[in-house]
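Q: So the chains spell out like this:
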Amino acid sequence: MTTEQRPGAAPTLSTVAIPQGDGYAMVSLQEFVALPLDQRLRLILEQRLRFYDNQGTLISTAEGLRLLKKARRAGAPAAG
Amino acid sequence: MSAFQALGDAGAPVATRADFSADDREQRIAARADALFRERREHGLRRLDRVFPLLMLGQWVFAILVAVLFSPYGWTGKVKAVHLHVYVAVFVGAAITALPLALSRLRPGWAGTRHVMAASQMLWSALLIHLSGGRIETHFHVFGSLAFLSFYYDWAVLVTATVVVAADHVVRQFTWPESVYGVVNPEWWRFLEHAFWVVFENAFLILACVTGLRDLKTAARQQARVEVLAESDELKTLALEMALDEAGR
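Chains A and B are the protein sequences, given in the same order.
For the first sequence, position 45 matches number 45 in our numbering, and the numbering has no gaps at all.
For the second sequence, position 189 matches number 189 in our numbering, and the numbering has no gaps at all.
Here chain B stands alone, though its shape is the one from the complex (with noise of 0.2 angstroms):
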C-alpha cells in the first residue's frame, strides 16, 4: 500500500477526516483542562494550609515576646513584672495554634481546614490587639490577615473570618472595652467603625478570589490547549512515520 492510497477511500486526506473530530478535541481539551485546574488548585490550597500554621507559629513567639517586653507596660504602668498576659500569651496562643496545626497535617486541602486557618488567624489578632494593650496599629493585623487569607481564593474564608473579628469586637467592646480600643469608654458604635473598614476590604479581596480563580481556570485551559495540539501533532508525525514506513517497503 503506498502512502497516497493511505488517504482514504473518499479522496480526503485522513488529516483532514480528523479534524472533523474537532468536537471531540474541544471535550479533551476541556477535561484536560478541567484536570489541570483542580490540581493546581488543590496544590494552591494545600500549600497554604501548611504556610498558616507556620505564621500562627510565629505569631505565637511574636506574642510571647509582645508579652514579656511590652504588656506590662501597656496594663500596669512602668512597673515590670511577670505578667498574667505572659502565661495567656503561652497557653492561649497554644490553643489557638493547636487546631490549625493539626489541621494542616491531618486535613490538608479541606474546605474546613481553610475556615479553621480563617477563625484562627482572627483569634491571632484578636489576642495580640489585647497583649499590646488594645493598640490601634495592632487592628492593622486584622487587615493583614484577611489579605493573606483571600490567597486561598476562597470568599467564603474571608465570610468566615469576618464574622470571627467582628463577633470578639462586639463583645469585648461591651465586656472589656480597653482589651480591644484601649480606652474603657468607647462609642458604643466603635465596633460597627471597625467591620466597615473591614467589609470596605474584604469587597476588594472577593472581587481579587473571584478574578484569580478565573484566571486560573484561563491558564488551565490555555496549558491543555497547548498539550492537547501538540500531542495532535506529534500523533500526525506518527501517523506519517508509520505510513512512510510502509511505502517504503
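In isolation and in its complexed conformation, chain A is listed as follows (with noise of 0.2 angstroms):
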C-alpha cells in the first residue's frame, strides 16, 4: 500500500509517527507503547501511524505492528 520496498532483511523497528496539529511528530517505540491503549488503538484502525525501519524507511502499519508484536514478546526495549 503507501509502504515502500525495502532492501535487506530482518528489519527492526526504529521510530513511530503519530498525528500531532497539523502534522506528525516522531516518537520512540516506548514512548508509543506508553500511549493509553484505546489511543493506539484509534490510531492504528484509522491507519493515522507511520512506523520507520532502522534504516528510516516507511513500512507498513500492518508490518510495524507485526514487528512490534514480535519485539514485545521477545522482551525487547520496545516492549515499554
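Check the hints yourself; a few may be wrong.
[Said to hold, decoys possible] Cross-link-like lysine-lysine pairs, in silico, BS3-like; alpha carbons within 30 angstroms at most:
#1 B:Lys-217 / B:Lys-236
#2 A:Lys-69 / B:Lys-217
#3 A:Lys-70 / B:Lys-236
Worth flagging that the hints you see were computed from the coordinates, not collected in a lab.
Keep in mind it's a predicted model, so treat the numbers as computed, not measured.
With the hints as a guide, bring both chains together as one complex.
A: As C-alpha cells, then:
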C-alpha cells in the first residue's frame, strides 16, 4: 500500500510518527507503547500511524505492528 | 487496562469509530487505484513498445522473401532476376525499422515512441503493398496493423497511422498508382474508398481503446478496494491482538 520496498532482510522498528496538530510527530517505540491503549487502537484503525524501520524507511502499518508484537513478545526494550 | 476499556471514552467501539474515516479510506482506495492503473498502463505500453520492433524485424525478413520470390514476377513478368525491389526491401525495410527499434530500447513507454511505431507500421504496409505489385490483398496488412496498434489503448496512435497510410495512398495514387493499386489508371477517388474503410475500422478500434482504458481503470479500482479492505481487516486483527495481549498481562 503506502509501503516502500525495503532492501535487505530482518528489519527492526525504529520510530513511529503519530498525528500532532496538522502534521506528525516522531516518537520512540517506548513512547508509543506508553500511550493509552484506546488512543493506540484508534490510531491503528484509522491508519494514522507511520512506522519506520532502522534505516528510516517507511513500512506498512501492518508490518510495523507485526514487528512491534514480535519485539514485545521477545521482551525487547521496545516492549515498553 | 482491560480490553473493554479500549473501547473509547464515549463507549463506542473503536472499530466503529474507525468507520468514520470512510472518506479517508475512499481517498486511500482512489490513490491506490490510480497507482495501480498507472503501473499497469505503463507496463502494457512498454511491452507493446518491445513487441512492435520484433514484428517489424519479422516483416523485414518477410519483405526480403517477397522481393526475392515474388516481386520479380509481380513487376517484370516471368523473368526471374535480382530485382531492384530486393534492395528496396533490404534498405528501405532497415530504414523503416531502425527508429522504432532504437526508441523501443531508449524510450519505451514514451508517447512519441508509440506514434513512431504507428507511422512505421503503416510504412511497412506501404512497402509490402509496393513489393507485392499493389495486390489488393496486401492492403489487408493495414487493417491488421491498425487492430494491433489499438492494443495501445491510445486512439491518437490510430490517427497517426491513418494520416500516414492515407498520405501514402494519395501521393502514390497520383505519382505511381501501379505500386499501390496494381493498375496504372485507378479511379481518382480510389484513395477515398480505401480511406473510408480505414475510418470505418477506426471507429470500432477507437471505441475499443476507450472501453479498454475504462475497464483497466475499473479493474485497478476493484483491486485497490480489495487491498485496502484486506489491510484494514488485518489491522483490526493486529489491534485486537494488541488489546488482548495487554488485557492478559
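Q: Determine for every hint whether it applies to the structure shown.
A: Status of each hint after checking the structure:
A distance of roughly 28 angstroms separates the Cα atoms of B:Lys-217 and B:Lys-236; the hinted pair therefore holds under the 30 angstroms criterion. Distance hint between A:Lys-69 and B:Lys-217 is unfulfilled; the C-alpha atoms sit about 37 angstroms from each other, more than 30 angstroms. At most 30 angstroms may separate the alpha-carbon atoms for a hinted pair to count; A:Lys-70 and B:Lys-236 meet this at roughly 17 angstroms.
The earlier numbered hint that this structure contradicts is number 2, and it is the only one.
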